[in-house]
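Chains as they are written, first to last, in the numbering used here: chain Z, 1 to 199; chain L, 1 to 95.
Hints were generated in silico from the structure; no laboratory data involved.
Bear in mind that the values here come from a model prediction, so they are computed numbers and not experimental data.
It is possible that some hints are incorrect.
[Claimed, not checked] Distance windows between CB atoms, simulated:
#1 L:Ala21 with Z:Asn171: 33 to 43 angstroms
#2 Z:Thr111 with L:Glu18: 49 to 59 angstroms
#3 Z:Asn79 with L:Pro2: 52 to 62 angstroms
#4 Z:Ser158 with L:Asn46: 14 to 24 angstroms
[Stated by the list, open to error] Chain L stretches covered by chain Z per the calculated footprint, using a threshold of three residues with CB under 8 angstroms from any CB of chain Z:
#5 20 to 31
#6 66 to 75
Where is the CB? At the ideal position from N, CA and C, for every residue including glycine.
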Amino acid sequence: MSIVKLNNNGVKNATTFGSITGLGNLKFISRSTASSSSNLSITSGIDSTYKEYIFFFNNIHASTQAHFQVNFSADGGSNYNVTKTTTFFFASHNEAGDSTSLSYQDSHDITGTGAHSLGLSFSSDSDAGGAGYMHLFDPSNTTFVKHFIAVTGGFTDSDYYNTNYTAGYANTTSAVNAVQFSMASGNIDSGTIDLYGVN
Amino acid sequence: MPRFKMVNGERIQFTAAEETARDAEEQAWADGAVARAQADLRAKRNRLLAETDFYALSDVTMSSDMTTYRQNLRDLPAGKDTVAKCTDATWPTKP
Numbered sequence: 001m002s003i004v005k006l007n008n009n010g011v012k013n014a015t016t017f018g019s020i021t022g023l024g025n026l027k028f029i030s031r032s033t034a035s036s037s038s039n040l041s042i043t044s045g046i047d048s049t050y051k052e053y054i055f056f057f058n059n060i061h062a063s064t065q066a067h068f069q070v071n072f073s074a075d076g077g078s079n080y081n082v083t084k085t086t087t088f089f090f091a092s093h094n095e096a097g098d099s100t101s102l103s104y105q106d107s108h109d110i111t112g113t114g115a116h117s118l119g120l121s122f123s124s125d126s127d128a129g130g131a132g133y134m135h136l137f138d139p140s141n142t143t144f145v146k147h148f149i150a151v152t153g154g155f156t157d158s159d160y161y162n163t164n165y166t167a168g169y170a171n172t173t174s175a176v177n178a179v180q181f182s183m184a185s186g187n188i189d190s191g192t193i194d195l196y197g198v199n
Numbered sequence: 001m002p003r004f005k006m007v008n009g010e011r012i013q014f015t016a017a018e019e020t021a022r023d024a025e026e027q028a029w030a031d032g033a034v035a036r037a038q039a040d041l042r043a044k045r046n047r048l049l050a051e052t053d054f055y056a057l058s059d060v061t062m063s064s065d066m067t068t069y070r071q072n073l074r075d076l077p078a079g080k081d082t083v084a085k086c087t088d089a090t091w092p093t094k095p
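Bound-form chain Z, shown alone (with noise of 0.2 angstroms):
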């Protein structure tokens, strides 16, 4: 059987294509937009439609500096109080361009049902903004617990910049059906959260 090469011009010319099966694609389910928020939630979409879920964050402005984080529920979101255990560590660089640090955040890794911070001390300054995404995987499973996977990047008030890499379970074996961002303190005043699901 020989070779058929596929380039530029032979898309451009092509008529028509076969059927192609099999390929994932991500599908847009909902966008949250904040405006002074205490939090945003999301109570519809996370089902057993996919087996994955992605959350993406864009210019994520806090009111004041603080911590962006999230918490899950199995409840619809009457309760935001899933048991999570964590692991967390970022890399830092200031604008100045003379301190570097890669640590390991023991304060952020945690096991308990509070807030778990997806981007560490987001800051206020009016150009400043987070941004990220974070992967939920198979939320409606009733046998296993619930991995999750978030990375940020965000600066603070002093001009570090912080990529923020966590992970972590929450530990139920309900199904996870709402998922609540917020900052440790203050609003969100402004950005995005798309939630796509992973075909």
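Could you slot chain L onto chain Z? The hints should help.
For chain L alone, kept in the frame of chain Z given last:
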């Protein structure tokens, strides 16, 4: 001033119970300010100490200036019991 949450895109005012719970969270955050500042100070101190740890190896001679520098780093957190004291700390100069 009332607080609001955004639930599935709908802006909803906090209930009284939610206000109380958030007040407690805000208070806990405020109460932890000194501890956070101290943790940041110690993290930077530990990093600076680690940068010069190799001077303590048995086949390396540590100068008295380096000994003093490292001791000053170890002593730095002492008495830093306010956020201002932590953020305004005077760091020793590396020899």
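Now for the hints, and whether the structure bears them out:
1. L:Ala21 with Z:Asn171: 33 to 43 angstroms: 22 angstroms Cβ-Cβ, so the 33 to 43 angstroms window is violated.
2. Z:Thr111 with L:Glu18: 49 to 59 angstroms: violated (25 angstroms)
3. Z:Asn79 with L:Pro2: 52 to 62 angstroms: violated (22 angstroms)
4. Z:Ser158 with L:Asn46: 14 to 24 angstroms: 18 angstroms Cβ-Cβ, so the 14 to 24 angstroms window holds.
5. 20 to 31: holds (count 5)
6. 66 to 75: violated (count 0)
Violated hints for the displayed structure, listed by number in ascending order: 1, 2, 3, 6.
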